[in-house]
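Peer 1: Below, each chain spelled out in residue letters.
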Amino acid sequence: MHLRLGLTAALGVLAVVAAPVAAYASVGVGVQAGPVQLAGVAHPGGTYELPAVYVVNTGTEPESVAIRIERISRGTGRTVPGAWIQVSGLPSSLAHGQSARIPLSLVVPASARPGQYFSDVVVTGSAALVAGGAHLGVAAATDLEFRVVPGVISAGWFTMPSWVLLAVGVVLAFALGVVLLIRSGISIRVERATAGAAAGNGGGGGD
Amino acid sequence: MGIKVRSVSLAVAGVILAGSVVAGCGLTGAPPNAGQSASVNLSLTTVPTVRSVTVSPASVTFGNCTGGLASQNTHSTAGKLGFPNGHCLVGLVNPGFYPITVTNTGIASAIYVNGSSANPFDDGNQWSLCNQDGDGAEKCKRDDGRLPGTDQYMVENFSAVGEQKAGIRGTPSCDLEFGASGNCLAVQGGSQGEGIELIGPFFSTDTSTKWTMTITWTPVPGNG
Numbered sequence: 001m002h003l004r005l006g007l008t009a010a011l012g013v014l015a016v017v018a019a020p021v022a023a024y025a026s027v028g029v030g031v032q033a034g035p036v037q038l039a040g041v042a043h044p045g046g047t048y049e050l051p052a053v054y055v056v057n058t059g060t061e062p063e064s065v066a067i068r069i070e071r072i073s074r075g076t077g078r079t080v081p082g083a084w085i086q087v088s089g090l091p092s093s094l095a096h097g098q099s100a101r102i103p104l105s106l107v108v109p110a111s112a113r114p115g116q117y118f119s120d121v122v123v124t125g126s127a128a129l130v131a132g133g134a135h136l137g138v139a140a141a142t143d144l145e146f147r148v149v150p151g152v153i154s155a156g157w158f159t160m161p162s163w164v165l166l167a168v169g170v171v172l173a174f175a176l177g178v179v180l181l182i183r184s185g186i187s188i189r190v191e192r193a194t195a196g197a198a199a200g201n202g203g204g205g206g207d
Numbered sequence: 001m002g003i004k005v006r007s008v009s010l011a012v013a014g015v016i017l018a019g020s021v022v023a024g025c026g027l028t029g030a031p032p033n034a035g036q037s038a039s040v041n042l043s044l045t046t047v048p049t050v051r052s053v054t055v056s057p058a059s060v061t062f063g064n065c066t067g068g069l070a071s072q073n074t075h076s077t078a079g080k081l082g083f084p085n086g087h088c089l090v091g092l093v094n095p096g097f098y099p100i101t102v103t104n105t106g107i108a109s110a111i112y113v114n115g116s117s118a119n120p121f122d123d124g125n126q127w128s129l130c131n132q133d134g135d136g137a138e139k140c141k142r143d144d145g146r147l148p149g150t151d152q153y154m155v156e157n158f159s160a161v162g163e164q165k166a167g168i169r170g171t172p173s174c175d176l177e178f179g180a181s182g183n184c185l186a187v188q189g190g191s192q193g194e195g196i197e198l199i200g201p202f203f204s205t206d207t208s209t210k211w212t213m214t215i216t217w218t219p220v221p222g223n224g
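Just so you know, the sequences run in chain order A and B. Throughout the first sequence, residue numbering follows the numbering used here, covering 1 to 207 in sequence. Throughout the second sequence, residue numbering follows the numbering used here, covering 1 to 224 in sequence.
To be clear, the hints were calculated from the coordinates, so they are not data collected in a lab. Note that this is a predicted model, so its numbers are computed, not measured. Do not rely on the hints blindly, as some may be mistaken.
One side of the interface only, derived from the structure: several residues of chain B facing chain A at Cβ under 8 Å [said to hold, decoys possible]: (1) Leu42; (2) Leu44; (3) Val47; (4) Thr49; (5) Arg51; (6) Ser52; (7) Phe62; (8) Thr105; (9) Thr212; (10) Thr218; (11) Pro221.
Virtual Cβ for every residue (Gly too), placed ideally from N, Cα, C.
Here chain B stands alone, though its shape is the one from the complex:
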């Protein structure tokens, strides 16, 4: 009699177990006599937590090009870079004219800047970005690093704060022209007007007359 009861119990347990799994892995439901719940909806607004930057205006032009050799007919004209080591400007160093506005539109961040190689329209040989120290870019090959060599070029950015005479890097680094106190920290809404000076190569092995390069501003975490 005892064995029979145990057998029946085991069978019932097995059926219940299998059935409950199939039905949805267990029994659910509110306990009997549970009270009704009440709730209140709350809303909260927070400050933005985005790190962002904008650069304007949409269109500026290199101009005021100087340098080059008139005797070889490679001297600069107003809007065309000459060789060797011609200079072109976006804006003016003196008197100060800074047509590029960089604005920190996000939370307080350090504003970094970097350049890229210059690419000819014919997809030929690039000009490598160089600077005086060879820090984050090639070291310029002429005049102890102060002037680009063959297929090299240098970019200096300037603002009311001063001019980055050593040349910007190929990797993002603190834009010292952004902060008035020698750092690059910008609070939300902080902006800076900047200009660009480009110093061209001693000589270009690519004969293209149209080139593109990119100057990029990046807000990064940190205090500059």
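Isolated chain A, as found in the complex:
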């Protein structure tokens, strides 16, 4: 009897304590306030790495994030087609207060029209809350800006890995060195002396 009363009391206390926790649970998401901008200009047909975008879970619950490109805020320029931006490295889940930097790539089709482009990077927190059939969602937006100008794609050389450039430099330097060596007229002669000849030479020296 006493055990049953104690258990009931304990459950009651647990319910009272747990209720406020559930009531104050929240969903939240944040994104860097600074715009995502391409350093330099883009050319039609080129692929460029954009600065990684900072996202953070500001809610109390674990949540996953998704990123889409949509023009929401006011700005000048053509609207960025969503297909031009590729998102990689999305974390499967962000804990409360956890942040991440999400890499973005800009893929400009060859048919892109030159000009200034503007849209928003919209980060959506997917830890939706069920509200009797309605989910309460959160998102946060920051500007996305870049400029497309006509011209050849120069990014290919500059995005080449540094070790490739170093290897090419070494080969060219060796080739230059060899050419200079040949033009100097100095020749290197390699001779092979047999053991018998060496002995004969030694004996002749002994006279």
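Based on these hints, arrange chain B on the given structure of chain A.
Peer 2: Quick look at chain B alone, frame taken from chain A:
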């Protein structure tokens, strides 16, 4: 004699060039007699530069459902939406009760809101979000846009500021219920209590009795 000296010089230059590239692309090092450097470490703290929002609490429920046709046994019950064009609430318009708290936890931003289509649990036909003007969503098909048609539904959010009678959009737009001065600008820490009113379709072609939809709040750059 002159040719020989030139040849030797060229050879030495070639060897030095090749050798220096292999050794690390040039000679480095501090100049002789250089003075010792001194430095001081500085630290600086800045204000946060994150744009963020939170919505709480975690659990609210549609209730106070009204409307529908009793003669066809499709009238609303307390927690179930009826047809045609039943209404359900999260919170109360009068007297005001606004159980959803939207807080701008980042830098000053404009707070936008948008809705989505409603999806049945059986993955059948959706209800499209509609509003009175057909702006950012379908135009509601009944009563000159004031009531949803078949497979349409409308969401109005309300707060102490007022009620968005025209219905929220499917694309993010300024949440006029957020700012007291008719805009949606929120400074850091600014919050608003809100409620939701859902007006259901004239008729649903999908027979599912469980539906989900999403209402999303988004802080965006700008002044609302």
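Peer 1: All hints, please: hold or fail.
Peer 2: Consistency of the hints with the structure:
A distance limit of 8 Å between C-beta atoms decides the matter here; for Leu42/B the minimum to chain A is near 22 Å, and the interface restraint is violated. Proximity of Leu44/B to chain A is violated relative to the hint, the smallest CB-CB distance being about 17 Å (cut-off 8 Å). This hint is violated: Val47/B has a C-beta 10 Å from the nearest C-beta of chain A, more than the 8 Å allowed. Checking Thr49/B against chain A by beta carbon gives a least distance of about 4 Å; that is within 8 Å, so the hint holds.
For Arg51/B, the shortest C-beta to C-beta distance to chain A is roughly 5 Å, which falls under 8 Å, so the interface hint holds. For Ser52/B, the suggested interface contact is upheld, since its CB lies about 3 Å from the closest CB of chain A, less than 8 Å. With its C-beta approaching chain A no nearer than about 4 Å, Phe62/B sits inside the 8 Å limit, and its interface hint holds. Taking 8 Å as the C-beta contact cut-off toward chain A, the hint placing Thr105/B at the interface holds, the least distance being around 5 Å.
Restraint check, Thr212/B versus chain A: the minimum CB separation of about 6 Å is within 8 Å; hint holds. Given the 8 Å rule on beta carbons, the hint for Thr218/B holds: about 4 Å separates it from the nearest Cβ of chain A. Taken as an interface hint, Pro221/B checks out: its beta carbon lies about 5 Å from the nearest beta carbon of chain A, inside 8 Å.
Hint violations for this structure: numbers 1, 2, 3, all remaining hints satisfied.
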